[in-house]
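Colleague: Now for the letters of each chain:
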Amino acid sequence: MARIITLTTDFGLRDPYQGAMKGAILSINPEARLIDITHLIAPGNILEGAFVMLESCGFFPRGAIHLGVIDPGVGGERRPVLIETEDYIFVGPDNGLFSLVAAQEKVRRVIHLTKKEYFRSEVSSTFHGRDIFGPVAAHLSLGADPGTFGEEVGSFNEAALPLPKKSGRAIRGEVVYIDSFGNLITNISKADAVNLSSLIEAEVNGITIKGLKKTYCDVKKGSLVMLISSSGLLEVAVSSGKASARLKAKVGDKVLLRPSKR
Amino acid sequence: MARIITLTTDFGLRDPYQGAMKGAILSINPEARLIDITHLIAPGNILEGAFVMLESCGFFPRGAIHLGVIDPGVGGERRPVLIETEDYIFVGPDNGLFSLVAAQEKVRRVIHLTKKEYFRSEVSSTFHGRDIFGPVAAHLSLGADPGTFGEEVGSFNEAALPLPKKSGRAIRGEVVYIDSFGNLITNISKADAVNLSSLIEAEVNGITIKGLKKTYCDVKKGSLVMLISSSGLLEVAVSSGKASARLKAKVGDKVLLRPSKR
Amino acid sequence: MARIITLTTDFGLRDPYQGAMKGAILSINPEARLIDITHLIAPGNILEGAFVMLESCGFFPRGAIHLGVIDPGVGGERRPVLIETEDYIFVGPDNGLFSLVAAQEKVRRVIHLTKKEYFRSEVSSTFHGRDIFGPVAAHLSLGADPGTFGEEVGSFNEAALPLPKKSGRAIRGEVVYIDSFGNLITNISKADAVNLSSLIEAEVNGITIKGLKKTYCDVKKGSLVMLISSSGLLEVAVSSGKASARLKAKVGDKVLLRPSKR
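One line per chain: the protein sequences are A, B and C, in this order. Per our numbering, the first sequence starts with residue 1, numbered consecutively. Per our numbering, the second sequence starts with residue 1, numbered consecutively. Per our numbering, the third sequence starts with residue 1, numbered consecutively.
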C-alpha cells in the first residue's frame, strides 16, 4: 500500500542512520511513500522537533503516518508509543515530541508499543528509529490496526511550549524558534497581538520594532519588521536579512509586546 | 496521478517549511511524486536558483512540473506565474528565477496565477510556496489545464546571466556559480573557448591556468585545471581540491580567457 | 517498474548535480523509486562512502539497486562497474566504494560497464553519475539483465577498513567513522570486545573509558560511555554530548581496548 510516512528526526543527513531506517521501513512495506520533513533537528532537541512537527504535519492528507524520532533517552525509560488521532497516526518516543502537534488533533488512542513481533528481530539499544519505530510505522502503513502493537495507555507526555503572560497592557512572550532565514518565531499568537491594540510595538534585546506589517516587503530592505508568521505566530524579521544576527537573538530570549507609545 | 513535481527552494532543510509545502501538495494530489532538487539555494538568491534550475530541470522526462520558490519579494508586487513550455511546466514567482531554464525551452504560454479557488483557503503573506505555488503544481499534476489558473500574459521576467565579452583576441567572462566541490563555473561556453584557439589560458584573480583538459585526472592532484563542465561551460577546478579557496574566488570574479602565449 | 534505487554520493545538497542525476534516471524509468541515503559524503572520501553504504544498504529489501557515486577519479582509469549479489545490484566506480558492503553479500557477477547504448548520448568527462551510472541503474530498474551492460570481470576493488590487531591481552583498533552526534565508531567488533573480558576499558587519546554499557542512558548526562553501536561495532560516546569534541578525536585515531585493571 502506497501510504504516506513522514520522517522527522535528528539523524543528520551525512550518516547512514536515516538511510538504514528507510531501508527497514521499505523492507516491510516496499510501497510506503517516504516523505522527508527534516533530519536536521538539533541533536536531542525535543522542543525543536515538536515545533517543526507542529508546523508541518497538519498540512498532510488524512491517513498520513508521522514518524518522529528525536530520542535522547533511547534505550532508557521513556515509552515507545503511537498516538492515533482523527486524522493521523504519530509514532515515536513518548518524550514530549508529539505534545504540540497532538494538541491540535482529536486524540483517539495512545498505544504503548510492546509487541516485539513487529520490531526488527534484533533490537539495538541505541537505534529504535530503525528497530522499533520505523517497523511499526511500516506495519501501520500496511493497514495494521493501532491496537495490534500494545496496550492502550491513558495519556502521552505533554511538554508544551512556554505560554506568554499578560503584564498590565503588555504581553511577555519569548522566542521559541529561529528559522534558517534568521526569522524569530515567538509564542505570541495572532489573536494576542491583534487584541492588544491596533498600534503595537515589540521589544527584543533592547531594540524596539514598531507596527505590525503584512509582508517582508512592507519595509525597506535591511529593516526590522514585525508580522504574523505563516503559522499564525508573531514573528520578527529583517527584510532580506537575518533578524537573529541583527538582534543577537536566541531561542528563549524575551519578547515584550505592548501598545505603541504613538 | 503519479506525475513528477520537482522542488527547488531556499527553504533550508531544518525548518518546517519544505515539509509543509510537501504536505500542501500531497493533500491535493496524494500520488504526486515529489523529487527534491535542492532546498539550499542561498536565501533570496534568485540568480543561484536560476542557475541550479538551468542545470537540472532539463534532465527530467517530458511532462515534469518544476516548482521553484526563491521568493524574497513574497507578498509584494512580483506576479505568481506558471510557464508552460513544450516539455515542462514551471511554477513560481515571476522574478527571474525561470529566466535561464525557460530560455532553453519552447515557451507556449505564460499564465498569471490569479484564480484563488486553486490556492489554499487561507493565503499567508509570507509563504506562497505552501499556499499558492504548491497547490497550483498539485492541481497541474492532476491534469488541470494551465489556462485554468488565470489569464495569459505576454512575457516573463528575464534576468539572464551576464554575458561574456570579446576583447581583442580574448574573452572576458566571470564566475557565475561555485559548487560545493569549490569548482568555479563561468559564463564562457564550450564554443567560445574552442573558437578562440587550440591553446588557451585563463586568468582568474591574477593566476594563470594553461591548457584545456578533459578530466580532473589530467593533472596532478592538487593542481589547477581548466576544463568544460558537465553543463558545457568553462570551469576552473583543482584536482582533488578546492579552486575557490586556492584562487580566493567568489561569484562575479572576472575570468579572462585568451590564446596561450605558447 | 517501481523498483527502488538508493543514492549515496558526495554531490552535496545545494548544487544541481544530484537533481540532474535524478532527472537522468527518471527520464529512462519515470517510475523508479529514488531513495536518498546521503549526498553529503565528504568530497572524494571513498572510505567514508564505503562505510555509509555498509551501514545502510543491507537494510533495504531484496532487489534494491544501490547507486554509489564517490568518484574522485572520474574520467580516469578506474572502471565503471556493477556488482550483482544475491540480494542487490551495486552500480558505480570500481574504486573501493563497494568493498565493505559487497563483502557482506554473496557476489554473483561483476560487470565492467562498457555498452555505450545504455549511457546518455553525450557522456561528459566529469559527471558519470548522470551520464553512465544513473542511466545504467535506470535500465536495471526496468529489468535489464546485468550481463547486458558489458563483460564479466573477475573481481572488484577491495579497499577494506583497517583491521584491529591483537597486542598481548589488548586489542589495538582505530576510529573509522565519526557520526554527526560526535560518536566515535571503531573497527573493533562486538565479538572482539566481548571475547576480551567481561570488564574492559578503552583508551582514546590518553583518556580511559571504563566498562561496556548498553545505552547512552546508563551513564550520567555529559559522561563518556562505551557501548556497542547499532551496527555492531565498539563505539565511544558522550551521553547527550559529543565524544569527538571531548576527546579531540578524528578518523584514524588509535583505540586501545584492554581488560580493566579492576
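The reader is advised that the hints may include incorrect statements.
[Claimed, not checked] Each computed DSS-like pair below joins lysine-lysine, with the alpha-carbon atoms no more than 27 Å apart:
#: 1; chain 1: C; residue 1: LYS213; chain 2: B; residue 2: LYS242
#: 2; chain 1: C; residue 1: LYS166; chain 2: B; residue 2: LYS214
#: 3; chain 1: C; residue 1: LYS213; chain 2: C; residue 2: LYS254
#: 4; chain 1: B; residue 1: LYS213; chain 2: A; residue 2: LYS214
#: 5; chain 1: A; residue 1: LYS220; chain 2: A; residue 2: LYS248
#: 6; chain 1: A; residue 1: LYS261; chain 2: A; residue 2: LYS220
#: 7; chain 1: B; residue 1: LYS115; chain 2: A; residue 2: LYS213
#: 8; chain 1: C; residue 1: LYS261; chain 2: C; residue 2: LYS214
#: 9; chain 1: A; residue 1: LYS214; chain 2: A; residue 2: LYS242
#: 10; chain 1: B; residue 1: LYS214; chain 2: C; residue 2: LYS115
#: 11; chain 1: A; residue 1: LYS221; chain 2: A; residue 2: LYS254
#: 12; chain 1: B; residue 1: LYS221; chain 2: A; residue 2: LYS190
#: 13; chain 1: C; residue 1: LYS261; chain 2: C; residue 2: LYS220
#: 14; chain 1: B; residue 1: LYS116; chain 2: A; residue 2: LYS213
#: 15; chain 1: B; residue 1: LYS115; chain 2: A; residue 2: LYS242
#: 16; chain 1: C; residue 1: LYS254; chain 2: A; residue 2: LYS116
#: 17; chain 1: A; residue 1: LYS116; chain 2: C; residue 2: LYS213
#: 18; chain 1: C; residue 1: LYS115; chain 2: C; residue 2: LYS190
#: 19; chain 1: A; residue 1: LYS242; chain 2: B; residue 2: LYS106
#: 20; chain 1: C; residue 1: LYS213; chain 2: A; residue 2: LYS115
#: 21; chain 1: C; residue 1: LYS220; chain 2: B; residue 2: LYS213
#: 22; chain 1: B; residue 1: LYS213; chain 2: C; residue 2: LYS242
#: 23; chain 1: B; residue 1: LYS221; chain 2: C; residue 2: LYS213
#: 24; chain 1: B; residue 1: LYS242; chain 2: C; residue 2: LYS248
#: 25; chain 1: B; residue 1: LYS242; chain 2: B; residue 2: LYS254
#: 26; chain 1: A; residue 1: LYS250; chain 2: C; residue 2: LYS190
#: 27; chain 1: A; residue 1: LYS115; chain 2: C; residue 2: LYS214
#: 28; chain 1: A; residue 1: LYS214; chain 2: B; residue 2: LYS254
#: 29; chain 1: C; residue 1: LYS214; chain 2: C; residue 2: LYS242
#: 30; chain 1: C; residue 1: LYS190; chain 2: C; residue 2: LYS213
#: 31; chain 1: B; residue 1: LYS250; chain 2: A; residue 2: LYS221
#: 32; chain 1: A; residue 1: LYS116; chain 2: C; residue 2: LYS165
#: 33; chain 1: C; residue 1: LYS214; chain 2: A; residue 2: LYS248
#: 34; chain 1: C; residue 1: LYS166; chain 2: C; residue 2: LYS213
#: 35; chain 1: C; residue 1: LYS116; chain 2: B; residue 2: LYS190
#: 36; chain 1: B; residue 1: LYS221; chain 2: B; residue 2: LYS250
#: 37; chain 1: C; residue 1: LYS221; chain 2: A; residue 2: LYS250
#: 38; chain 1: A; residue 1: LYS254; chain 2: A; residue 2: LYS242
To be clear, the hints were calculated from the coordinates, so they are not data collected in a lab.
Colleague: Taking the numbered hints from earlier one at a time, note which ones the structure violates and give those numbers from smallest to largest.
Modeller: 1, 2, 4, 12, 15, 16, 18, 19, 21, 22, 23, 26, 28, 32, 33
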